[in-house]
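Q: Starting from the given sequences, assemble the full structure and let the hints guide the process.
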Amino acid sequence: MDAPGAKQYEALSIEAAATQAPPGALRRAAANGSVRIGAGALGVLVLIALAAPWLGTVDPTLFDAASRDLLPGRSGEITTLDGEKLRHTFWMGSDSLGRDVYSRVIYGTRVSLVVGILCALLALAIGIVCGLASGTLRWLDGILMRFMDGLMAIPAILIAIALVAMWRGSLATVIVAIAIPEIPRVTRLVRSIVLSVREEPYVEAAISLGTPIWKIMFRHILPNCIAPLIVQGTFICAFSILVEAILSFLGVGLPPDIPTWGNVMAEGRQQFNDFPHNIFFPGVFLAATVLAVNVLGDGLRDTLDPKMAKRV
Amino acid sequence: MLGFVARRILATVPVLLIVAVLVFLMLRLTPGDPAAILAGDAASTEQIARIRANLGLDRPIVVQFGIWIGNVLGGDLGESFYYKTKVATLIGQRLEPTLALATFTILIAVLVAVPLGVLAAWRFGGWFDRALMGFSVLGFSVPVFVLAYILIYLVSLKAGLLPVQGYRRIADGLWPFLTHLVLPAVTLSVIYIALIARVTRASVLEALGEDYIRTARAKGLPEVRVLVRHALANAAVPIVTVIGIGIALLIGGVVVTESVYAIPGLGRLTVDAVLARDFPTIQGVILFFSFVYVLINLLVDLSYLVFDPRIRY
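In order, the protein sequences belong to chains A and B. Every letter in the first sequence is one number past the one before it in this note's numbering, and letter 222, counting from 1, is 1042. Every letter in the second sequence is one number past the one before it in this note's numbering, and letter 308, counting from 1, is 312.
Rather than coming from a laboratory, the hints here were simulated on the basis of the structure. Wrong hints could be hidden among the right ones.
[As the list claims (entries may be wrong)] Some residues of chain B that are not near chain A, with every Cβ distance over 12 Å (derived):
#, residue
1, R56
2, L61
3, D62
4, E100
5, F144
6, F181
7, G224
8, P226
9, V230
10, D282
11, V310
[What the hints assert, rightly or not] According to the in silico footprint, chain A covers these stretches of chain B (three or more CB under 8 Å from chain A):
#, segment
12, 64-78
13, 155-164
14, 286-294
Predicted model, so just to flag it, every value in this text is computed and none were measured. Every residue, glycine too, gets a C-beta built ideally from N, C-alpha and C.
A: Below is the structure:
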């Protein structure tokens, strides 16, 4: 069965034929405008995530009944866990519990980046194993790929929502639930590279010399996968950040007390007419982050993977 | 050709079977007694016992799957303990709004994206091309619910042009039906436009490099005719393909959009079912959406025969 999965790659051209990155690809990538802008913006976001406690934030779970529903820029009081009252300026206003939206948004950067990166790594890791297995073990290939076809026929968000509903939301379950629907794409990518590299004379030579299979994989096959996988990884990262926000926003993701952009927006939904800032500030951060990752991915695709770039 | 059609239809069977297995296993992977989960938190011991007997939960898992798939094929998706109705009935009731929203979205997306993509390919590398590519990256990055709230804020709250939320059935009059649907459909179409415009541009660009385009121009055809009759017609297959694949994005978007705009469709049903941990409904909705997705892609494949007469199987 070659639909809808197989076509997905033909159309979106996410799948690359085995094209080893040409020499100097890394240097060209580093000189590419999109890569620089994307990586630069992402660097700033990583710094924000790391430096969150020192950016004028308070503990994002603190609330104060006296400081409910403040407009951006107002100051008010916030009670620390020790019961101490602090003067605090709410740069992005406060939510209906009296929590500081600015602190929640800044700390939310951590959750989004961690989810994006770990989802990409997890999907890549499992996808590489499945793809290598499928490309080298003929008896497994048919079953595994039919399984992946079926997995791809279920829209990604539905899989993620259903899995989180079953396992209940925690950081680990959300990451696994978002990563699972991405695995077939990676598997197909790796498998297609294995199949084409397998025919190369240097692999035939290695086989005829009796080189062990694991050595062929690490020396000849995996290096061919690196460039397309980096590109694929960035797109998975961007998509995962979006899906996590969607899950939290719908109330089926991480528990509401964890500061994530989706949770801040979910909290702000009820009072959107009067306090749109509770949606807009996290929304801007979310869109900017996903945009940065996508721009980085586009740049990497153009430079690391010329064959793929030509097609889109 | 008939052989191709038959083969292609048969090829969807294993995919749908795997989908069914995955949806079936979903419940088994959940910690706890499947019968108790299916019956819901407020169920009595008798109800749980009845479900266990009906689904043969004391029999081997293969037999359980057989019973379950038999029910599904017979149109019985189980009973929702939250809504106290058959899941199949529930899906039927919620179908209209989702169908209307999806149709409207696809219509807007195709009518906007295809001309934009052709124009960008025609002026490849120019300011319009670069602007469209920039928009397309942006379209992939702005989450659908953020876009929804921006539009609600600007169009409904500030300008007061359209209703904020809600849905009117087409039976309640065409005008209210349309005004309630415009904003959700526009919201949902943005990511779809980004996707289709990008693929249209790429495939028209490829067609424009062909010899027959030079011939068409050389014999003095007007540029519009060259672009539409020769370039676009030959670029149709990837465009139709991506419309079919985009259905997956669309279904994901429907879940979010219906939630924001308070549209009582299948997407809203999915979220409500998940929040209530109403597993029979979750399973039913996933099966239904996946079936539609596979079906549409089957139709897309069959449409190649129409769009590209060179394809003969």
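Q: Which numbered hints are broken by the structure, listed smallest first?
A: Of the numbered hints given earlier, those the structure breaks are 5, 10, 12, listed in rising order.
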